[in-house]
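Colleague: Sequence:
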Amino acid sequence: MAMTEDGRSAQLREFAEGWAAAIIDTSYVPMSRREIEDFLLDLSGNLLTALVSEPFDPEPAIEVGARLVNAHFTAPEALGRTLQLLGTGLVRPAGISSEDLKLLDRVVQLLGRLSTGYSEALRERTFEEQEVIKQAMWLATDVAQRRLQDSESRFLAVFDSAPIGLAIGDFDSNILESNQALQELLGYSREELNGLTGADILHPDDIPDTLQRYDRLFRGEYPSFRSRQRLLKKDGDMLWANVTVSAVRDSTGVATYQVAMVEDATELHYANQAMATLGMQDPLTGLPTRTAFMARLDSVLGRVDRPRRVALCVFGIDGFAAINDGLGPEVGDEVLLKLGTKLRYHAEDNKMLAARLGGDEFALLIEESEGTRTVTPLVEEAMRLINEPVTVLGHRLSVHASAGIVERAVGREQPAELLRDATMALHWAKQGGKAQWALFDKQRCDRDRAQLQLALTMPVALDNGEFTVIYQPIRALGDNRLMAVEAQLAWDHPEHGVLPPAEFLALAERTGLVVRLSEWLLLEVCRQAREWQLEFGERAPVVSVKMPPRQARDPDFLPNVLRALADSGLDGNLLRLELEPDALDGEGDEQEEDMILLAERGITFSISGLSGHPPERLAARPLTALKSRDLVVAQANGERETIPATVSWNTVSLAHQMGMQVIAENVDTLDDVAWLREIGVDAGQGVALGEPGGPEDIGPLITR
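Quick note on my numbering: the sequence shown kicks off at 441 and runs consecutively.
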């Protein structure tokens, strides 16, 4: 349920109050608690607006970080607690679950930009403080030279009371003076610290790089440098610090002293690490995320040192939504965790990379493939592990996964292309049933994409009048007279020419456009049949229209047919509706009543096959004809095959017993006509009885 504006405002106020409580004691800020809460409420609103904006833009978070610094929330604890609070609580006022991976990705980006703004502003503030202290050092040097005790005392007071760690040293790395903040940070007394060198407090791994920086500073290549360094405390513990070092030069420009500012960055460092982990590691399974996986894949595809092959497999859990919806998301999460663990171990044992792409999709990357013959056994073993039953929160579950595989030589492909192809193969696998895998095939992919393009252009084609109707004659086999015509859709495509129904009706069924197409076809057919009725009177043929199952089961089926009759003025006895067996529901339902009402208007019904329904159920419907494409039986050595021929005889006999005419489809030869007459078929349609044509082609057939 969407959150109301009042509810969002209340949660935002509650969030701001919690934020204030978390950081109010970290820094001295010249504001009352209420003023701080109002200040943070404004920042919270800016962050929330950025979080839910479309398109998403994390840049406003930079200003939020800067405003925190400008308001004097400069202690490391202030940033650490802010990041922790925002990372877990900002999504609540947005009215979205924190499980939403897309939203978590946005939160990560916002926190990153907030940290950027905070750090930039803090750096500017630090450099300003450094300049003040640097000037003070110049003043101190001058005062020392003139031995002005009062000015020196004032400088020492400022130096020692500074809130950040300060140290003065020479370029032999000796610490000559330090302030209280630095002494407390490292755990030394003034006397202890002032007798040490930089090497005594630097992490050994950082010493070489730091010495190079000092050398360049001494030579005047830059006035100062700033770096994130590891420092060792007196008790041996390590901390992370932002260290800024500036040179103090004499009147000749020679560097004589250095001034170091040391700021504890431990919480900031680990907060940044946590943010990086949040974006690169799936919080549920611990596997790499899609972002991390794609970065690794990009690196693999970028290696051009030698020819290589790579394989990518995408797994999808079959029916995972049923687990989530039926047993709850807690069970679903546990299932994903167990499957992720299985894939991780399988990947580690076989030098592969496993990742969770999102939802119920996982991936395996084989960086050094030796071809599909080695890849498919690895995929099958992974599927076997996934398909093993698992017990989750007291539920014994049988879980299955399908897989899509792409394996090829590394060329110019982008990571997104490889993942797209593997996902396409996964789609093919799922079409084949549960626990299947499919290998990507470019030719099949090209066909599918062409079909997809057709599907996307179909609605526009209908609006542009690209669909037409052709009619195939249905003739009585006894005297060859024209009994009826079957209306068929054709698509006059501007690029591909005239497309028969077989090339687009299945697409229309999958995309849902079939109902709209069928409604248009029904109205168009009724108008044409009315014209023939007015022109030819009693000789006008019955027009048969196939009804897709979705339309036949549609609640508007009855009113749509009645509307077509009313708009065209056609008599109902000139319209036959052909239904597929799976379009018929149970006996006594609303659909049966609709069929009876339409039959009372003179409309007749045919069915394209008897399978799937007992005769008594079909007998309850007002069906007058059976249409079948299976009655034409192949010949072998001049004789019809015995078993299929027997089936055809029995089908015709059963239909006649139920009071239905029998109409055969695919009647393509005169031998077919003779056979169908022999077994008692009443009528047929096919090449031997007349090609499909437009209304202008049917008119002459009616007059013969």
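Keep in mind that a hint or two might mislead.
Here are the computed lysine-lysine pairs in the PhoX-like style, where the Cα-Cα straight-line distance is at most 25 angstroms [said to hold, decoys possible]:
1. K782 / K882
2. K778 / K791
3. K778 / K874
4. K778 / K882
5. K882 / K870
Derived DEER-like restraints, expressed as beta-carbon distance ranges [to be verified]:
6. P1140 / D1007: 42 to 52 angstroms
7. E1030 / R453: 47 to 57 angstroms
8. R1041 / K870: 39 to 49 angstroms
9. P899 / K870: 24 to 34 angstroms
10. L825 / R956: 18 to 28 angstroms
11. R956 / L1141: 45 to 55 angstroms
These are calculated hints, taken from the structure and not from any lab test. Don't be surprised by glycine CBs; every beta carbon is placed ideally from N, CA and C.
Colleague: Now tell me if each hint is right for this structure.
Modeller: Verification of the hints:
1. K782 / K882: Violated, at about 31 angstroms.
2. K778 / K791: 20 angstroms, holds
3. K778 / K874: 19 angstroms, holds
4. K778 / K882: 34 angstroms, violated
5. K882 / K870: 18 angstroms, holds
6. P1140 / D1007: 42 to 52 angstroms: For D1007 against P1140, whose Cβ atoms are near 27 angstroms apart, the range 42 to 52 angstroms is violated.
7. E1030 / R453: 47 to 57 angstroms: Distance hint for E1030, R453 holds at roughly 53 angstroms.
8. R1041 / K870: 39 to 49 angstroms: 44 angstroms, holds
9. P899 / K870: 24 to 34 angstroms: With Cβ atoms ~26 angstroms apart, the hint holds.
10. L825 / R956: 18 to 28 angstroms: 46 angstroms, violated
11. R956 / L1141: 45 to 55 angstroms: 31 angstroms, violated
Hints 1, 4, 6, 10, 11 from the list above are not met by this structure, while the remaining hints are.
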